[in-house]
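We have chain A already, so just place chain B on it with the hints.
As they're listed, the protein sequences go chains A and B.
Heads up: the first sequence begins at 1 in my numbering, then just goes up one per residue.
Heads up: the second sequence begins at 327 in my numbering, then just goes up one per residue.
Possibly wrong hints are sitting among the right ones.
Said to hold, decoys possible - Computed list of lysine-lysine pairs in BS3-like fashion (alpha-carbon distance at most 27 Å, straight line): (1) 303/A / 55/A; (2) 303/A / 381/B; (3) 84/A / 55/A; (4) 55/A / 629/B; (5) 629/B / 303/A; (6) 381/B / 410/B; (7) 381/B / 629/B.
No wet-lab data here; the hints were simulated from the structure.
Number of protein chains: 2
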Amino acid sequence: MAVYTEVTDEALRAFLADYALGELLAFRGIAEGVENSNYALKTAAGDFILTLYEKRVDPRELPWFLALMEHLAARGIGCPLPVKATDGLALRSLAGRPAAICTFLPGLWPRRVRPEHCAPLGGALARLHLAGADFAEMRPNGLGPEAWGPLLERCRPGGDAVQPGLVAELDAALAGILAAWPATDTLPLGQIHADLFPDNVFFLDGADGRPCVSGLIDFYFACTDLLAYDIAVCLNAWCFEADGSYNVTRAHALLAAYQRLRPLSAAERAALPVLCRGAAMRFLLTRLYDWTATPAGALVTRKDPLEYLRKLRFFARAEGPASLGL
Amino acid sequence: MAVYTEVTDEALRAFLADYALGELLAFRGIAEGVENSNYALKTAAGDFILTLYEKRVDPRELPWFLALMEHLAARGIGCPLPVKATDGLALRSLAGRPAAICTFLPGLWPRRVRPEHCAPLGGALARLHLAGADFAEMRPNGLGPEAWGPLLERCRPGGDAVQPGLVAELDAALAGILAAWPATDTLPLGQIHADLFPDNVFFLDGADGRPCVSGLIDFYFACTDLLAYDIAVCLNAWCFEADGSYNVTRAHALLAAYQRLRPLSAAERAALPVLCRGAAMRFLLTRLYDWTATPAGALVTRKDPLEYLRKLRFFARAEGPASLGL
Numbered sequence: 001m002a003v004y005t006e007v008t009d010e011a012l013r014a015f016l017a018d019y020a021l022g023e024l025l026a027f028r029g030i031a032e033g034v035e036n037s038n039y040a041l042k043t044a045a046g047d048f049i050l051t052l053y054e055k056r057v058d059p060r061e062l063p064w065f066l067a068l069m070e071h072l073a074a075r076g077i078g079c080p081l082p083v084k085a086t087d088g089l090a091l092r093s094l095a096g097r098p099a100a101i102c103t104f105l106p107g108l109w110p111r112r113v114r115p116e117h118c119a120p121l122g123g124a125l126a127r128l129h130l131a132g133a134d135f136a137e138m139r140p141n142g143l144g145p146e147a148w149g150p151l152l153e154r155c156r157p158g159g160d161a162v163q164p165g166l167v168a169e170l171d172a173a174l175a176g177i178l179a180a181w182p183a184t185d186t187l188p189l190g191q192i193h194a195d196l197f198p199d200n201v202f203f204l205d206g207a208d209g210r211p212c213v214s215g216l217i218d219f220y221f222a223c224t225d226l227l228a229y230d231i232a233v234c235l236n237a238w239c240f241e242a243d244g245s246y247n248v249t250r251a252h253a254l255l256a257a258y259q260r261l262r263p264l265s266a267a268e269r270a271a272l273p274v275l276c277r278g279a280a281m282r283f284l285l286t287r288l289y290d291w292t293a294t295p296a297g298a299l300v301t302r303k304d305p306l307e308y309l310r311k312l313r314f315f316a317r318a319e320g321p322a323s324l325g326l
Numbered sequence: 327m328a329v330y331t332e333v334t335d336e337a338l339r340a341f342l343a344d345y346a347l348g349e350l351l352a353f354r355g356i357a358e359g360v361e362n363s364n365y366a367l368k369t370a371a372g373d374f375i376l377t378l379y380e381k382r383v384d385p386r387e388l389p390w391f392l393a394l395m396e397h398l399a400a401r402g403i404g405c406p407l408p409v410k411a412t413d414g415l416a417l418r419s420l421a422g423r424p425a426a427i428c429t430f431l432p433g434l435w436p437r438r439v440r441p442e443h444c445a446p447l448g449g450a451l452a453r454l455h456l457a458g459a460d461f462a463e464m465r466p467n468g469l470g471p472e473a474w475g476p477l478l479e480r481c482r483p484g485g486d487a488v489q490p491g492l493v494a495e496l497d498a499a500l501a502g503i504l505a506a507w508p509a510t511d512t513l514p515l516g517q518i519h520a521d522l523f524p525d526n527v528f529f530l531d532g533a534d535g536r537p538c539v540s541g542l543i544d545f546y547f548a549c550t551d552l553l554a555y556d557i558a559v560c561l562n563a564w565c566f567e568a569d570g571s572y573n574v575t576r577a578h579a580l581l582a583a584y585q586r587l588r589p590l591s592a593a594e595r596a597a598l599p600v601l602c603r604g605a606a607m608r609f610l611l612t613r614l615y616d617w618t619a620t621p622a623g624a625l626v627t628r629k630d631p632l633e634y635l636r637k638l639r640f641f642a643r644a645e646g647p648a649s650l651g652l
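Looking at chain A on its own, in the form it has when it is part of the complex (with noise of 0.2 Å):
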């Protein structure tokens, strides 16, 4: 459910007067996305999506995403572009919410993952990050190396309640994360997209009728970090079949197309697992505070977090790059 803040016929006819987007259509509400409030608007000037940005949003930190996607949609990256009022602003307010509009992406998130989304997804990440270089300033990842131990720390009380011994093994993987993680300054640094999930990535047939990327959505854990980070995240979310294994074919998909476009370092490389293990380690934590801290009635879906558990130890027994498919 992704519809928090309902908007006023009144309110969302006064909000649109500062656009030139012509007659108002039609006003659905998605159903995907979790963070936010998400509307399909159709107006005469075409289809848009509005966005109501809810509280896990810093309203600080939105002129940084806008700006970012502002920067990559204008160097061919499919990415939402915000759209200006005539006033020359993107970033309003909506039924007391900071709101945007931004242009429709058409195309299909994969519901089950096939090797075929892989490479294009790797190409597309790649393109990400090139199309990132020359966007100067920085967001710290909120959710980075740094926030981990304090997360945990939030986690300790219920987390044994998740499973026995959860909290011992997850002290246990996080020392071992920490003093295994490269120092910024030895890998190449950028702008990375840091939630690419397979809900955030739409295709659509190519003219030989493979898939192709036609967007990546939702910049909004978009951060200033390891480029090898992103792609760690990745192999997370893309590379695991239901069961649980890891899907080596996917990988070196994604992987070989990636590196078509940014080869990686050897620095890279060789961190890569302990990337993983990270990566594996923050959707972890934030699932497993978001399973201890949400009321058992709310109206909201609660991610496993032990999928991640599964990962975490998978990305800790692999040995070396090789294994994950580089």
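Relative to chain A, chain B alone:
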């Protein structure tokens, strides 16, 4: 949340291969609706809604609903038109569910009802009733007066936990309603929508800036019943303020616009108060049943049954049709 069934890309493509809708361009879950899974579907041929029928809908009744929509659309009613596949059939199967594609209707449902919505609503309801007059096949109202006693029985164990004394009050109110209920041969019978709440009615601005009805959706409670009962449902759904007071201006606008196209008979006018009590009872009982039967942790928004207790009490106190806006 109105996506209960996830559809894989492969299943969707196989499903669409039976239609002549051109290239698949987008497929997004829609947040609105509570009974079925609804997706916004965009193809080279335009915008459509794909509905997967979930448990509450009896698959054997779907042909009736789809035939009614086709009948009404052919008579100029703005309602979803079932799209036929190349074999001529609109009702198909997808992801283990009955499924159908319908045309997309432009317009917005009013998040906040204003008196200006009620005259166009009354006109649209009358046109719906007139257009259904030559749709011969009948479908009994599964949530009509015969269903209310059994429904109240199922709420008996848990009802008083919602409000002390509630079950006894409903026993007395239901006996009064059933004793005064008009026989079906005394009032005009026809095809009614039976669930015409604001989220099922789309509006667009007319040339004069006033709202016009652009579409009626969600015909899956439609049935053959007293036409005036459909008006009673609308008076319940559209004519109360958030504070529980009855807005007679809205009701008068609705009823006057309806009667310009289909004047009510003396018997219908006399029956309107008890029909309103019955409609309040119907929504009270289904909400009460959902309230008492839904586990506290379920991912379903439970609607407050007591809102309809207040409406029931209002209609029980109402002194004749004039006090309702007739």
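Hints, verified against the model:
For a cut-off of 27 Å, the pair hint linking residue 303/A to residue 55/A stands: about 19 Å separates their Cα positions. At most 27 Å may separate the alpha-carbon atoms for a hinted pair to count; residue 303/A and residue 381/B meet this at roughly 24 Å. At roughly 23 Å between alpha-carbon atoms, residue 84/A and residue 55/A fall within 27 Å of each other, so this suggested pair holds. For the hint pairing residue 55/A with residue 629/B, the CA-to-CA distance comes to about 24 Å; that is within 27 Å, so the pair holds.
Note on residue 629/B and residue 303/A: the hinted pairing holds, with a Cα-Cα distance of about 25 Å set against a maximum of 27 Å. For the given pair, residue 381/B sits about 23 Å from residue 410/B by alpha-carbon distance, which is consistent with the 27 Å threshold. For the suggested pair residue 381/B and residue 629/B, the alpha carbons sit about 19 Å apart, so the restraint of at most 27 Å is met.
This entry satisfies every hint, going by the numbered hints stated previously.
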